[in-house]
Amino acid sequence: MTRYLARRLVQAALTVFGVVTAVFFLVELSGDPAALLLPTEASPEDLARLRESLGLDEPLLVRYLAFLGNAVQGDFGDSFRQRVPALPLVLERLPATIELALSAFLLGIGMAFAASLAVRLTRSERLRTGLLWVAFTFQAIPTFFFGLILILVFSVWLGWLPSLGRGGLDHLILPAFSLATFELALYLRLLNSAFLQEQSQDYVRTAYAKGGGRAYVLVRHVLPNALLPIVTIAGINLGVLLGGAIVTETVFSWPGVGRLIVQSVSQRDYPVILAGVFVISLVFVVINLLVDLLYAVLDPRVRYS
Amino acid sequence: MMPAPLGSWSMSFAALMLGTILAVIVVVPFLPFYDPFEQDIMSGLLRPGTEQDGRFYVLGTDFLGRDMLSRIALAGRVSLMIALSAVAISLVIGVLLGLLAGWFRGPVENLVMGLADLQLAVPRILVVIAVTAVLGPDLITLTILLGLTSWVSYGRVARAMALSLREREFVLSATTQGAGTGWNLRRHVLPNVMPQMLILSSYELGQIIVIEAALSYLGLGVQPPVPSWGLMISEGQQFLEVEPYLSLLPGLAIFMLVAGAQFLSQRFTPEGAPDADLAAMRRRR
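The listed protein sequences correspond, in order, to chains X and H.
Start counting the first sequence at 9; every next residue gets the next number (the working numbering).
Start counting the second sequence at 16; every next residue gets the next number (the working numbering).
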């Protein structure tokens with residue numbers, strides 16, 4: 009277990025390192041950010057002075073090593089636009105993103121569980137087909153477009169909920185629900201097939217033979233086994249959700265990391281992009297690591313080698 | 016073939032949606048009024064079904080007075096072209112790497128699966144955004160990027176299938192008769208893997224169309240004046256309160272294409288399609 013943990017930690021660190029390195033060299037490919045910062049009529053001397061003050065006049069390898077050394081200490085340089093350190097700028101947006109992603113995650117998985125359990129308990133074929141229809145429909149609607157429909161109906165037409173920004177719970181409802189529908193579709197399908205698969209296992213028949221009721225067998229025996237594949241997918245998906253949040257945040261003007269990255273891309277504010285990609289991939293990798301460990305707790309059959 | 020899990024009429028419904036949107040994409044450019052670019056401020060923001068100056072606008076016009084039906088049709092061509100090329104690129108890469116990994120095992124397998132893990136360690140859209148930020152938005156770059164970042168699902172399933180196929184009797188029998196690796200992969204493994212790969216690609220096609228739409232919505236995909244469904248949704252968003260059709264129509268077009276393709280792919284997939292990937296994941300441990 010300890011060896012497995014050590015190997016996974018090294019793997020995770022390598023991944024983050026790889027991502028950050030890739031982004032650094034990509035940024036290098038893109039040309040001279042100093043030219044973008046100054047007005048077009050700026051003199052070459054001004055340009056040179058700015059390049060020097062931003063450290064852009066050093067050789068590539070020197071800049072890469074300096075960048076790595078600083079990055080390890082959490083220093084990704086100053087934002088070109090706002091002239092403040094980039095990482096804190098990203099980190100102060102992180103709670104908003106986590107709030108959105110986590111509520112969407114819980115909302116999606118909660119609705120999917122409630123719906124699937126209802127299907128299993130009632131054994132209604134009609135309900136099952138109906139829910140699968142909902143799942144397929146939601147999977148085919150881009151989340152940003154669904155978000156727009158939500159704004160149209162609940163903000164513009166009904167006037168019940170605010171469409172922009174972050175604030176109280178009423179601000180959270182629309183973006184979280186819009187992001188959750190993507191989740192909902194996936195989990196509905198997965199839970200449905202996981203339940204079907206487990207339902208025909210011998211241990212279920214045994215449990216019935218011993219006199220277990222439908223609800224008891226479902227919750228006590230089937231659910232824990234059906235949970236297993238869901239945990240893996242859910243973990244990977246929490247990360248995908250962070251990615252999906254990038255678009256949802258823009259639709260609802262939600263002040264999170266995703267929106268910051270998109271804004272920084274259009275402003276070519278590379279330190280902020282670098283720090284943003286670093287933070288999101290770090291969160292992603294940590295979540296995947298936790299999921300793998302959780303897997304062992306849920307399924308003692310899993311052996312780490 | 017498995018029965019459709021969503022009921023038998025789902026097939027006809029999916030075919031109808033897909034057929035309608037494909038008909039719009041294919042037929043409209045041949046109609047006499049087709050012009051996705053001509054601006055006419057005087058006839059801007061006409062609602063669907065309006066007649067003006069002797070011309071009938073079936074789906075109305077956008078804020079610059081451009082014909083919505085023409086733009087939706089051209090945007091569909093652009094989207095389909097990007098998505099089909101990206102799917103082709105990722106299919107080739109994924110099948111190739113997956114088969115090699117499953118056939119040779121050992122270091123090749125470790126390398127390919129390591130690459131897959133690395134790919135999965137970052138959200139696809141984040142990779143595309145980061146690269147676009149640097150190289151600038153461009154149709155060809157976008158297509159190649161989407162292709163390069165979408166091979167993992169093919170690779171995993173192809174590898175899992177190759178793992179079991181290489182132990183099968185018909186492969187062993189070919190090997191004893193002197194068949195080499197190339198012959199076996201080409202003649203025995205590939206034909207057995209391809210049907211699964213094609214089902215997977217019809218699902219992926221929908222996903223890529225959605226991702227392209229999202230990127231174009233963010234302004235990082237297709238650039239104006241070339242129309243794209245995502246771009247049209249974002250252009251229409253500022254008029255959401257007064258003329259919601261500007262955003263709703265392109266959204267509906269995406270839905271018809273993506274839902275149609277995915278319902279059809281479900282038709283040919285046994286209950287619970289993601290299981291193939293789940294099984295592959297379990298085996299990986």
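Note that these hints are calculated values from the structure, not bench results.
For each residue, glycine too, the CB sits at the ideal point set by N, CA and C.
Honestly, I wouldn't trust all of these hints.
What the hints assert, rightly or not - Pairwise CB distance ranges (calculated): (1) H:Leu126 with X:Ser261: 53 to 61 Å; (2) H:Thr156 with X:Val227: 48 to 56 Å; (3) X:Glu133 with H:Thr35: 39 to 47 Å; (4) H:Ala38 with X:Gln81: 56 to 64 Å; (5) X:Gly219 with H:Ala38: 58 to 66 Å.
Comparing the hints with the structure gives:
no., hint, in the structure
1, H:Leu126 with X:Ser261: 53 to 61 Å, "violated (43 Å)"
2, H:Thr156 with X:Val227: 48 to 56 Å, "holds (51 Å)"
3, X:Glu133 with H:Thr35: 39 to 47 Å, "violated (29 Å)"
4, H:Ala38 with X:Gln81: 56 to 64 Å, "holds (59 Å)"
5, X:Gly219 with H:Ala38: 58 to 66 Å, "holds (59 Å)"
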